[in-house]
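Throw the hints in and build the complete structure from the sequences for me.
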Amino acid sequence: MSDLAYIDSYFKGELSPEERIKFEQRIHNVPAFAEEVAFYCSAVSTIKDQLVEEKKKQFRELYYNDKNKNKKARPSLVKKLWPYITAAAVITGIIVTLTIVTGPSSPQQMADKYIKEHFEVQMGVTMTDNADSLDAAMQLYNENKLPEALRKFEKIIQTDSIAYFPKKMAGIVSLRTGEYDKAIEYFIQLENLQLYSNPGKLYHALTLIKRNRAGDKEMATQLLKQVIDLKLEGKETARKWLKSL
Amino acid sequence: MSNAQNFLTDFDEQLISNLRGNGIIRSRGEEQLFTTYSYFIREGMNKYTMSEDEAFDAYSDTILSAIENVRNGSFEGRSSLKTWLYQVFNNKCVDLLRKRATNKNSVHQTASISDMLFQLSDTGKSIIQKLIEKSDWDMLKQKLSELGDACRRLLTLSADGYTDKEISTIMEYKTADVVKTSRLRCLEKLRQLYKRP
Chain A
2 MSDLAYIDSY FKGELSPEER IKFEQRIHNV PAFAEEVAFY CSAVSTIKDQ LVEEKKKQFR
62 ELYYNDKNKN KKARPSLVKK LWPYITAAAV ITGIIVTLTI VTGPSSPQQM ADKYIKEHFE
122 VQMGVTMTDN ADSLDAAMQL YNENKLPEAL RKFEKIIQTD SIAYFPKKMA GIVSLRTGEY
182 DKAIEYFIQL ENLQLYSNPG KLYHALTLIK RNRAGDKEMA TQLLKQVIDL KLEGKETARK
242 WLKSL
Chain B
1127 MSNAQNFLTD FDEQLISNLR GNGIIRSRGE EQLFTTYSYF IREGMNKYTM SEDEAFDAYS
1187 DTILSAIENV RNGSFEGRSS LKTWLYQVFN NKCVDLLRKR ATNKNSVHQT ASISDMLFQL
1247 SDTGKSIIQK LIEKSDWDML KQKLSELGDA CRRLLTLSAD GYTDKEISTI MEYKTADVVK
1307 TSRLRCLEKL RQLYKRP
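Protein chains in written order, with the numbering used here: chain A, 2 to 246; chain B, 1127 to 1323.
A few of these clues could be false.
Under the rule of at most 20 Å between Cα atoms (straight-line distance), these lysine to aspartate or glutamate pairs were calculated in the EDC-like manner [said to hold, decoys possible]:
#, chain 1, residue 1, chain 2, residue 2
1, B, K1269, A, E54
2, A, K218, A, D113
3, A, K114, A, D4
4, A, K236, B, E1157
5, A, K13, B, D1290
6, A, K236, A, E118
7, B, K1267, A, D161
8, A, K68, B, E1169
9, A, K56, B, D1248
10, A, K56, B, D1187
11, A, K13, B, E1169
12, A, K183, A, D113
13, A, K236, A, D67
14, B, K1269, A, D113
15, A, K58, A, E192
16, B, K1225, B, D1179
17, A, K56, B, E1180
18, A, K156, A, E118
19, A, K57, B, D1286
20, B, K1321, A, D4
Stretches of chain A that chain B covers, calculated by requiring three or more beta carbons in the stretch to come under 8 Å of a beta carbon on chain B [said to hold, decoys possible]:
#, segment
21, 24-32
22, 47-53
Calculated from the structure, these hints are not laboratory results. C-beta atoms are modelled at their ideal positions from N, C-alpha and C, and glycine is treated no differently.
Set out below in structure tokens:
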């Protein structure tokens, strides 16, 4: 057994009590072995710390996103508002049913409607390490100064290539300005980020529907199916769109 | 846990089951746990006169610690999730305030190292601790980023508490033994990169 395998077995609790005693003795008697143990601990600890940082970053995005959207209510509030929520859900259900019954819109119309309802509104800023620059970029976005906003988002992306929010916004701005190829590039990058909630595939599909080149519809269909299968963000929307594609 | 289950609500049971799952189920569980009690942050700010960032740090530490304890079975359900989390959160807030008062900034985040060294005897711990203090953390981080994506993912999943068997399913390896061999090979590669002058 190599030293690393031996050390790994120790820390994973796979050694017998006698073997554990021998392990400890070896730390005392063989300096090179002690160095190996120290390396193992440092390496695993560094990986864990990076993982913790990554998770905290995701929690931060989640927290400030929710806060900005103001959609999440406290549990006690949910209880109090439950009758109203139920009523709203019933009304929404009726509206959705009526919309379906009165005839599906074309994919293009649906895409336009989604963009209008979700992207042509005042949007909140997600708190990240680049909060100040993001704030400025979002202000431009909310003032409908899209090319200027895009330049700001792209500048932030250059300094923080793994940032989620600027990529999402750069994609949305490109979509709104009709730069579909660029939007797709950003949404693909978004798809590849490990996030708890990732709309990358949905937005990618949306952009393909808008671009409407040969093969785009088929590709959008595949992406929407993945959104549903993988239970990604926007799966209800994906279901709706699939019906009209 | 059968005697303790009375304290857990159906919601708690479902959440715990998700946290003990793998892949996307676990991710959703973590997200759900975080968002459900995120109003603690506001309470921490009011109760301890903390900034939002400080309360957020205490809360996210609480959630990460809770996830680990739920997964490794340390949380036995002797109270509801909410009661337990609130207690942990309060402790984290007090720790944070104490740290702020004594201005004690650790050179390196030592929580994960302490957990590992806890397994060693006092003398063994002391030897390893001294050697660890000589580690070049920046270099280690940099070398870690030079490992391939597959290696990084393998090591990260293992550090995240997934067993080799679970990793074999997630990363589509044939067996847990293959995962272990690959994982150790990745660590060896990291060691070579780190030791290289």
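Against the structure, the hints come out as follows:
With a C-alpha separation of about 17 Å, the suggested pairing of B/K1269 with A/E54 holds against the 20 Å cut-off. Proximity of A/K218 to A/D113 is assessed by CA-CA distance (about 15 Å); at most 20 Å being required, the pair is judged to hold. Restraint check for A/K114 and A/D4: not satisfied, since their Cα atoms lie roughly 61 Å apart, outside the 20 Å limit. At roughly 17 Å between alpha-carbon atoms, A/K236 and B/E1157 fall within 20 Å of each other, so this suggested pair holds.
Distance restraint check for A/K13 and B/D1290: the Cα-Cα separation of roughly 11 Å lies within the 20 Å cut-off, and the hinted pair is therefore satisfied. Under the criterion of a C-alpha separation no larger than 20 Å, the hint pairing A/K236 with A/E118 is consistent with the structure, at around 17 Å. Pair hint B/K1267 plus A/D161 holds up; C-alpha atoms about 17 Å apart against a cutoff of 20 Å. The straight-line distance between the Cα atoms of A/K68 and B/E1169 is roughly 15 Å, inside the 20 Å bound, and the hint therefore holds.
Under the criterion of a C-alpha separation no larger than 20 Å, the hint pairing A/K56 with B/D1248 is inconsistent with the structure, at around 32 Å. For a cut-off of 20 Å, the pair hint linking A/K56 to B/D1187 stands: about 10 Å separates their Cα positions. Using a Cα cut-off of 20 Å, the hinted pair A/K13 and B/E1169 is violated, with the two alpha carbons roughly 38 Å apart. This hinted pair checks out: A/K183 and A/D113 have alpha carbons roughly 18 Å apart, not beyond 20 Å.
With a CA separation close to 18 Å, the supplied pair A/K236 and A/D67 stays within the 20 Å bound. Between the alpha carbons of B/K1269 and A/D113 the distance comes to roughly 46 Å, so the proposed pair goes past 20 Å and is violated. For the hint pairing A/K58 with A/E192, the CA-to-CA distance comes to about 17 Å; that is within 20 Å, so the pair holds. The straight-line distance between the Cα atoms of B/K1225 and B/D1179 is roughly 15 Å, inside the 20 Å bound, and the hint therefore holds.
This hinted pair checks out: A/K56 and B/E1180 have alpha carbons roughly 16 Å apart, not beyond 20 Å. Pair hint A/K156 plus A/E118 does not hold up; C-alpha atoms about 27 Å apart against a cutoff of 20 Å. For a cut-off of 20 Å, the pair hint linking A/K57 to B/D1286 stands: about 14 Å separates their Cα positions. Distance restraint check for B/K1321 and A/D4: the Cα-Cα separation of roughly 16 Å lies within the 20 Å cut-off, and the hinted pair is therefore satisfied.
A stretch counts as covered by a chain when three or more of its residues have a beta carbon under 8 Å from one of that chain; for the segment 24-32 of chain A and chain B the count is 3, and the coverage holds. Counting residues of the segment 47-53 of chain A whose C-beta sits closer than 8 Å to any C-beta of chain B gives 7, which meets the bar of three, so the coverage hint holds.
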